[in-house]
Amino acid sequence: MIEAQGLSVTYSSKDEPSIQNISFSMKKGEFVWLAGKSASGKSTLMNCICGFIPQIIPAELEGSIIFNGEKDLDPLQLSRHITMVHQDPETQFCNETVEDEIAFGLENRCLSRRKIDKRIETTLKDLNCSELRHRELRTLSGGEKQKIAIASMLVLNPKILILDEPTSNLDPISMKEVLKAIENVRRKSHDLTIILAEHRIGDLVEQIDRVLKLEDGRLTRDIKDLQSLDQEQKKAMVDYSYPEYSREIGKEGETILRIEDMDHTLGGKKILKDIALEIKEREIIALMGRNGSGKTTLVKLISALSEVQEGRIKVFDQIMDSSSKVKPYELGKRIGYVFQNPNHQIFENTLEEELTFAAKNFSKGESKAKRWLKKIKTEEDLEKKTHPHTLSFGQKRRLNIYSSSPHDPDLVIVDEPFSGQDHQNAVKIADILDDLWKEGKTLIIVTHDLRFAKKFCTRALVLKDGSLVYDGEPYDLKSVSGEDER
Amino acid sequence: MKDSINPVVKLIALVLGAVMVFLIDSVLILISFVLFLVVLKVFYKVKGRFGRGIVFLVIAIFMAQLIFVPEGQVLLDLRLFEVTRGSVENGILIAGRFFSLITMSWIFVGTTEPRDLSSALSNLGVPYRYSFLLILAMRFAPIFQFELSNVQDAQKIRGLKIDKDIRGLIRSVRYTTTPLLYSAMSKVNTLASSMEGRGFGMYKKKTFLHPIRFTSWDAVLTVLLFILCFELYYLNQLL
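Those protein sequences? They're chains A and B, same order as listed.
If you're matching positions, the first sequence starts at 1 in my numbering and goes up one per residue.
If you're matching positions, the second sequence starts at 1 in my numbering and goes up one per residue.
The hints are simulated quantities; they were obtained by calculation from the structure and are not laboratory data.
For glycine and all other residues, C-beta sits at the position ideal for the given N, C-alpha and C.
Please note: incorrect hints may appear among the correct ones.
[What the hints assert, rightly or not] Cut-off 20 Å, straight-line C-alpha distance, at most; resulting in silico cross-link-like pairs (SDA-like, lysine to any residue):
hint	chain 1	residue 1	chain 2	residue 2
1	A	327	B	160
2	A	269	B	45
3	A	176	A	186
4	A	428	A	340
5	B	47	B	142
6	A	37	A	327
7	A	327	B	47
8	A	375	A	439
9	B	187	A	59
10	A	115	B	203
11	B	204	A	455
12	A	27	A	67
13	A	455	A	269
14	B	205	A	117
15	A	360	B	174
[Unchecked claim] A few chain B residues facing chain A, derived, Cβ under 8 Å:
hint	residue
16	161
17	162
18	198
Chain A extracted, bound-state conformation (with noise of 0.2 Å):
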């Protein structure tokens, strides 16, 4: 059905292509897993598939790709044929109502009014979600905004469903959610073709026929028959654990926060409800709870970027109540934030000016940065002259923690660090995490990681819309926040 031939991709702003010679060939109604680690090429290979490399994103293209015998058709002719759900729904939507979103396409192809609605209906029915129709995409879930991702390209009645890392910023339920979806699709549809990129596919690997390995741009893989596999075959490819941290901390520290009676309101809606913790230090809280609980919003009253409205905080000496208010870069001395998008963060334009950032800022802390300018370096064959924006993924993660704590600060917030990496990089972004504890540092992660939180955190709280429903151990977190192990 579609064939690749000698794929290669060169992007201007790199040297290296990001995928080299790759061919395969795929049969209707397969599916197949696209494995790799982040930035191996993947989304690349898929961009090509559906033709958007070289027409929508400018890249040296060598090679074909073959649709039912006819080559190098333009994304609006493989449009008919192949759609791709994107890593971001939020960023893929176009509307703003959930019907409006899943019609676009179809609108487009000028089919009658009648047929819209109806397909609509179908689609909907057949991803267990129609009471979503007739809401507006803004008052969705995580989940169940992908969910209308997925709709909005199945309502087009594809051969061929990308899904690039549809569940990678899900929290574990919702995460569930759409793997489901994408299960009854595949039950239902067996001449669909789908083609999946998804570091981990939990039990979805009972489903799969095959597995595509990209490494370094480069098919290493080619499994088949990946349903000849027996069971421990299976789980080996899809299991996946962290190192042994050693944590000899009792809990006796000094108190570096305290929350008392705290109610925040956005928009009318309350966010958090009376919540009430302590935290001492070198603590190693894992701050958990499904997308939209509350914890961004949390964190953020911590460190001042947003103002207590009812309740009161004390982090360190400072108080903050609805009266006193105290400023971010004060406590920026002794908080270090990573927030979850990586480019919002990354404001200079050499690796070096970047990790001095805070330390310049601060007066403190400019000999770590260098210091830690050579450890990266040497660890990710980076100069110090390299932009920050030119690096993968992982690496502008990495270089985001390294980037928040030059200046030594006491507690360091890391809002979902994990989000979107593959193992191997979340491993080497815990281990930098580890470090910066070791040196003394009370961390607070962010994280629906409920491995992670096992092996490496000391503490967990769960949030659930918007209260404090679990403080304790994390190892028996899984009976109190109904979240399973990714």
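Fit chain B to the given chain A structure using the hints.
Below, chain B without anything else, positioned relative to chain A:
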């Protein structure tokens, strides 16, 4: 609150209103117009209150006229400056125009679905490739606002202090535009792929699931709007 008026008629009303507030130089008519807009905003239950920024700007514009443009009969001597009849009238007119423009735009945005405006414009012959830009603008405005706020937060927590002078402004622009630009670039590619991947631009025309047609009632309403504007202008000349 949304209504059943054709969005194109509302757009015409907005443009006519914007022209009229600059043509009107009668304080009485302008105050009446401002009051009418406030009633309209309340009637349509348009979300949001007049924020501190807008109130501050309206007062600042009024005060600037009061202090720096003294004309005509002195009403009050405040030693530092004299309050004259002309400066009060000018202050009301200019601050009123600013306030009217803001309120009219607010009512328009608050009562119009971008989708409906896009559909209505396409119905009048505007190519949907252009009218759809309105939907995209509305869709991405809050996302970029959220991103801007994140970038500024990241600057603050990493100790960036921006002085309130030209150098500070340049630094602020430099450290804000780079991360926003990179973030936007990655979004643009995904959005373009998502749209083209669903056949956007495949044909010259497209179906609208919720079409908005320009009816005879809309035509009558448009004519009435023009008549009202002429009457208002005539009244303004009389006063």
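Is residue 47 of chain B within 20 Å of residue 142 of chain B, Cα to Cα?
Between residue 47 of chain B and residue 142 of chain B the Cα gap is close to 15 Å, so the pair holds against 20 Å.
Satisfaction of hint between residue 439 of chain A and residue 375 of chain A, Cα-Cα up to 20 Å
holds (16 Å)
Between the alpha carbons of residue 176 of chain A and residue 186 of chain A, is the straight-line distance 20 Å or under?
Cα-Cα ~15 Å, so holds.
For the restraint on residue 162 of chain B, tell me whether the closest CB of chain A is nearer than 8 Å.
Violated, because the Cβ-Cβ distance from residue 162 of chain B to chain A comes to roughly 10 Å (cut-off 8 Å).
Taking 8 Å as the limit, does the beta-carbon of residue 161 of chain B come near enough to a beta-carbon in chain A?
holds (6 Å)
Just to be careful, I want the Cα atoms of residue 360 of chain A and residue 174 of chain B compared with a cutoff of 20 Å; is the pair within it?
Within the cut-off at roughly 17 Å; holds.
Is residue 37 of chain A within 20 Å of residue 327 of chain A, Cα to Cα?
violated (40 Å)
Can you confirm whether the C-alpha distance between residue 115 of chain A and residue 203 of chain B stays at or below 20 Å?
Cα-Cα ~18 Å, so holds.
Measure nothing beyond the straight line between the CA atoms of residue 428 of chain A and residue 340 of chain A; if it is 20 Å or shorter, mark the hint as holding.
The hint holds at about 17 Å.
Agreement of residue 204 of chain B and residue 455 of chain A with the hint, judged by alpha carbon distance not exceeding 20 Å
violated (57 Å)
Has the given pair, residue 205 of chain B with residue 117 of chain A, been kept, meaning a C-alpha gap of at most 20 Å?
holds (19 Å)
Please work out if residue 27 of chain A and residue 67 of chain A have their alpha carbons no farther apart than 20 Å.
Since the Cα atoms of residue 27 of chain A and residue 67 of chain A sit roughly 11 Å apart, the hinted pair holds (cutoff 20 Å).
When the structure is compared with the earlier hints, violations turn up for hints 6, 7, 11, 13, 17 and for no others.
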